[in-house]
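As you go down the protein sequences, you meet chains A and B in turn. Mapping the first sequence onto numbering that gives the first Met the number 0, position 197 (from 1) lands on 196, and the numbers just tick up by one. Mapping the second sequence onto numbering that gives the first Met the number 0, position 174 (from 1) lands on 173, and the numbers just tick up by one.
In case anyone wonders, no lab produced these hints; they're calculated from the structure. All clues given are correct.
Because identical chains cannot be distinguished in the list, a pair is counted as satisfied if it fits within a single copy or across any two copies.
With a cut-off of at most 30 Å between alpha-carbon atoms, the simulated DSS-like pairs for lysine-lysine come out as follows:
1) Lys8 x Lys57
2) Lys118 x Lys376
3) Lys14 x Lys57
4) Lys150 x Lys366
One-letter residues, chain by chain:
Protein chains: 2
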Amino acid sequence: MTISEALQKLETLQKQLYAYGHAMSILYIDAVTAAPPDTAAGRGETLGVLSAASYQLKTDPSVPEMLFFLRDHRSEISDLAGRQVDKLIEEYEKMSKVPMDEYVAIQQLLNTSENVWHKAKAENDFASFAPYLEKVIASRIRLAGYYAPEKDPYDYWLEEHEKGFTTEKLDVFFSQLREKIVPLIRAVGQCPPIDDSFLFHCYPVEAQRQLSDALMKILCIDRGHCSIAETEHPFTCELNKYDVRITTHYYEDNVASSMYSVIHEGGHALYELGGGDALQYTCLAGGTSMGIHESQSRFFENMIGRSRGFIDFVFPLVQELFPQQLAGVEAEDFYRAVNKAQPSLIRIEADELTYCLHIMVRYELEKRLFRGELAVKELPAAWNALMQEYLGLEVPDDTHGVLQDSHWGGGMMGYFPSYALGSAYAAQMLAVMRRSLDVDALTARGELAPIIGWLRERIHRYGSARKADEVLSLALEGEPFDPTYYTDYLVDKYSALYGL
Amino acid sequence: MTISEALQKLETLQKQLYAYGHAMSILYIDAVTAAPPDTAAGRGETLGVLSAASYQLKTDPSVPEMLFFLRDHRSEISDLAGRQVDKLIEEYEKMSKVPMDEYVAIQQLLNTSENVWHKAKAENDFASFAPYLEKVIASRIRLAGYYAPEKDPYDYWLEEHEKGFTTEKLDVFFSQLREKIVPLIRAVGQCPPIDDSFLFHCYPVEAQRQLSDALMKILCIDRGHCSIAETEHPFTCELNKYDVRITTHYYEDNVASSMYSVIHEGGHALYELGGGDALQYTCLAGGTSMGIHESQSRFFENMIGRSRGFIDFVFPLVQELFPQQLAGVEAEDFYRAVNKAQPSLIRIEADELTYCLHIMVRYELEKRLFRGELAVKELPAAWNALMQEYLGLEVPDDTHGVLQDSHWGGGMMGYFPSYALGSAYAAQMLAVMRRSLDVDALTARGELAPIIGWLRERIHRYGSARKADEVLSLALEGEPFDPTYYTDYLVDKYSALYGL
Numbered sequence: 000m001t002i003s004e005a006l007q008k009l010e011t012l013q014k015q016l017y018a019y020g021h022a023m024s025i026l027y028i029d030a031v032t033a034a035p036p037d038t039a040a041g042r043g044e045t046l047g048v049l050s051a052a053s054y055q056l057k058t059d060p061s062v063p064e065m066l067f068f069l070r071d072h073r074s075e076i077s078d079l080a081g082r083q084v085d086k087l088i089e090e091y092e093k094m095s096k097v098p099m100d101e102y103v104a105i106q107q108l109l110n111t112s113e114n115v116w117h118k119a120k121a122e123n124d125f126a127s128f129a130p131y132l133e134k135v136i137a138s139r140i141r142l143a144g145y146y147a148p149e150k151d152p153y154d155y156w157l158e159e160h161e162k163g164f165t166t167e168k169l170d171v172f173f174s175q176l177r178e179k180i181v182p183l184i185r186a187v188g189q190c191p192p193i194d195d196s197f198l199f200h201c202y203p204v205e206a207q208r209q210l211s212d213a214l215m216k217i218l219c220i221d222r223g224h225c226s227i228a229e230t231e232h233p234f235t236c237e238l239n240k241y242d243v244r245i246t247t248h249y250y251e252d253n254v255a256s257s258m259y260s261v262i263h264e265g266g267h268a269l270y271e272l273g274g275g276d277a278l279q280y281t282c283l284a285g286g287t288s289m290g291i292h293e294s295q296s297r298f299f300e301n302m303i304g305r306s307r308g309f310i311d312f313v314f315p316l317v318q319e320l321f322p323q324q325l326a327g328v329e330a331e332d333f334y335r336a337v338n339k340a341q342p343s344l345i346r347i348e349a350d351e352l353t354y355c356l357h358i359m360v361r362y363e364l365e366k367r368l369f370r371g372e373l374a375v376k377e378l379p380a381a382w383n384a385l386m387q388e389y390l391g392l393e394v395p396d397d398t399h400g401v402l403q404d405s406h407w408g409g410g411m412m413g414y415f416p417s418y419a420l421g422s423a424y425a426a427q428m429l430a431v432m433r434r435s436l437d438v439d440a441l442t443a444r445g446e447l448a449p450i451i452g453w454l455r456e457r458i459h460r461y462g463s464a465r466k467a468d469e470v471l472s473l474a475l476e477g478e479p480f481d482p483t484y485y486t487d488y489l490v491d492k493y494s495a496l497y498g499l
Numbered sequence: 000m001t002i003s004e005a006l007q008k009l010e011t012l013q014k015q016l017y018a019y020g021h022a023m024s025i026l027y028i029d030a031v032t033a034a035p036p037d038t039a040a041g042r043g044e045t046l047g048v049l050s051a052a053s054y055q056l057k058t059d060p061s062v063p064e065m066l067f068f069l070r071d072h073r074s075e076i077s078d079l080a081g082r083q084v085d086k087l088i089e090e091y092e093k094m095s096k097v098p099m100d101e102y103v104a105i106q107q108l109l110n111t112s113e114n115v116w117h118k119a120k121a122e123n124d125f126a127s128f129a130p131y132l133e134k135v136i137a138s139r140i141r142l143a144g145y146y147a148p149e150k151d152p153y154d155y156w157l158e159e160h161e162k163g164f165t166t167e168k169l170d171v172f173f174s175q176l177r178e179k180i181v182p183l184i185r186a187v188g189q190c191p192p193i194d195d196s197f198l199f200h201c202y203p204v205e206a207q208r209q210l211s212d213a214l215m216k217i218l219c220i221d222r223g224h225c226s227i228a229e230t231e232h233p234f235t236c237e238l239n240k241y242d243v244r245i246t247t248h249y250y251e252d253n254v255a256s257s258m259y260s261v262i263h264e265g266g267h268a269l270y271e272l273g274g275g276d277a278l279q280y281t282c283l284a285g286g287t288s289m290g291i292h293e294s295q296s297r298f299f300e301n302m303i304g305r306s307r308g309f310i311d312f313v314f315p316l317v318q319e320l321f322p323q324q325l326a327g328v329e330a331e332d333f334y335r336a337v338n339k340a341q342p343s344l345i346r347i348e349a350d351e352l353t354y355c356l357h358i359m360v361r362y363e364l365e366k367r368l369f370r371g372e373l374a375v376k377e378l379p380a381a382w383n384a385l386m387q388e389y390l391g392l393e394v395p396d397d398t399h400g401v402l403q404d405s406h407w408g409g410g411m412m413g414y415f416p417s418y419a420l421g422s423a424y425a426a427q428m429l430a431v432m433r434r435s436l437d438v439d440a441l442t443a444r445g446e447l448a449p450i451i452g453w454l455r456e457r458i459h460r461y462g463s464a465r466k467a468d469e470v471l472s473l474a475l476e477g478e479p480f481d482p483t484y485y486t487d488y489l490v491d492k493y494s495a496l497y498g499l
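Go ahead and model the full structure; you've got the sequences and the hints to work with.
Spelled out as structure tokens, the structure:
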């Protein structure tokens, strides 16, 4: 094999993997945005064939041969090709550590367990889900043992989602957050509540769609490469940097829900749309980690989209679309309403201030489950106790409690902390950005291009050609990660808002 | 190899081919209904990988081995498996007759030529398309020579789309049609035109969507397995019998356009939804021929949807959705308006009476092109002359003339006659159906279930497990195909409508 043959094979393999990924993503997008409801069976057949074919591509004996050959000649190939080789070898080595039949059995377990969770949530029936969750946790622990026998299994999964963040670090991170946020929430709770009732008038969907289009324009998103579809739970899916899909859900009785979901998903989309051209159709395309991804979406949703300047800019436009609904409302009222903080049961509906407490509940429970300090059957009671402790809320049933998220049923353990990290990254990025850009003035004029350019230059263009810690360091101009930026941001914002 | 191993391999192969077909269809549906506009490149990469993988599956040496083994043991396997083997061997033998590099070159030619056609149509530039069309025709002739050297090339392609219908038969068929239809159009032309102006008032899209839902319900289509998306040119795409997609295009200034496109595509959908369960995920799933497919769509669109009884049933509903637009309009006026006949330039917008003349223009020209009696550069003039001769119309430019259809650019030669055959099949099916069902009374009550059941029993459930001629014979209860039914139907309907 010559180097050029091996490089050709590397490129072909990645393009094939991209193609199967693209096809499976489109099947998913179609399923949740367009497909008739009773069509899962035929889609399942197709996904089965495509994922088997994709698995075979990766495990063909010619693949490690090519990869190790290129690693041996790493100095003779481009840095980018070298990084591709490293990433594919890492994946290959992980995959080859797990016996094939165990790997398949785990996939099947996760499929089943996710389905069982769906039903259990709908029927408020934790007991039916419990035996599956037990198996999922056991299989995560077993897998971590194969992949990294030297590590604590929960740390392994935490680092899978955000490199560098083990329980040791996260315990500190979350306690810093808790120390500042809990008293803040308590103080806010003493204040007279903000009136946000006008957000819940009747807002016709067609006009909300026009608002989405306007928001996408403000976010400088090229609609030739990014569409908005409608679905139950909003998400972003990138097929490649030239084809990114965001989704939203319009509620006629809630204008802020879709408005902020579009800005949030728009932040994810900007990350993908800004990826380097040379990364496309390779394993290095796409965002580098969940935490960095979430930093982009939360940056635009909260730091920009819920800022006073942005509301000054955008409110006249919203009012023009909804003159009756917002008659007599001022920009200041709207600003206060979209920032209203109030403890609530459901994570994905939580406000900016209370959000991280929802994450802490999950993090605490995952830790105890992995360490064997908590049995699955005790989980609902433990959940309810922590919701009481952290948020002061009584959980009425498991559907609105421990069963609300899909993550655990799908095997996504150690994933939740990335949401909180993303918010904290975003606050620090904002602080660093302020040193070279007048963020408030730009935002108040609706001129987001320089802000997006700043992020593209330091984050977006690298795709996953740099690991999360490298990207973060670039974005923070070498400064170490410090959650104080985030807690300061929250304290400043909510103290002013509630006159504390 | 044992029989049971070979049957297992047969099933696996077909499920894999189904999966690739499903994925490629979803990519297509997404492209024309949902994808952002500038995303063709990334989709092209994926389609290239998937079609190559699908081609490799079919051409793997183990495939003919399995197929010929099963053919040798045909008496020991089920009739259905035997038919699958026959069909796959037929495809395999065709494929193996064409040198691989020539096959690939033809695919590339067709891709390019279809793109060139798109641009040429938009820019009214036949000259840019002509050299590609020359190559397409030459390649069709060469391919026919590989596949069936003993046949006339045009006959080969005609029979590819509708078995049994060579030029010899079609010449007779079309001259029978012409003989009756041309004088009828002339007579209608002498009558005072029908007033259909109320169809072109402002019909809000949202209410048109409600009309579509109502029509789907009348057609007994289970929406759990069939959705309506919106696109430029309406079409139906089946992924499997449990997942069928129809599309439509809403024009705010034309209520009949989408109404009849939904009924037309609904007819196609019923065919697919009615396929046998045992055929799913095999090569025998899906309609058996273009002509039979079109017979189902035109049956519902015209024989049912444009009948006096159906209008009596549906008009009150349409009027309820559009009370202002249809104020003072009676069911009889609506019936006359949706059946108005008038020669026009564009095939896909033609009315029921003049439609077949558009097909005849294309059939005549294809014959001459394949026989070398007409050069591609003479095609626009020949087109315009025939439009004058058959429809009495002056063609203003090639965009509204010879460039209007995508078929030729995509290599679909010998395809158009199936549209006319489908209409003629439908008229004869209606006559046979009338012997056991009171079609008019059922239609006037909106009770289409017995009519659909009749078609399902004789046509739909066979998928493509029976060839078109067998299916037609079953549907016609053994009676030979006779286009007189169709011409009689048209003469009766239009004589009554225009009081001839």
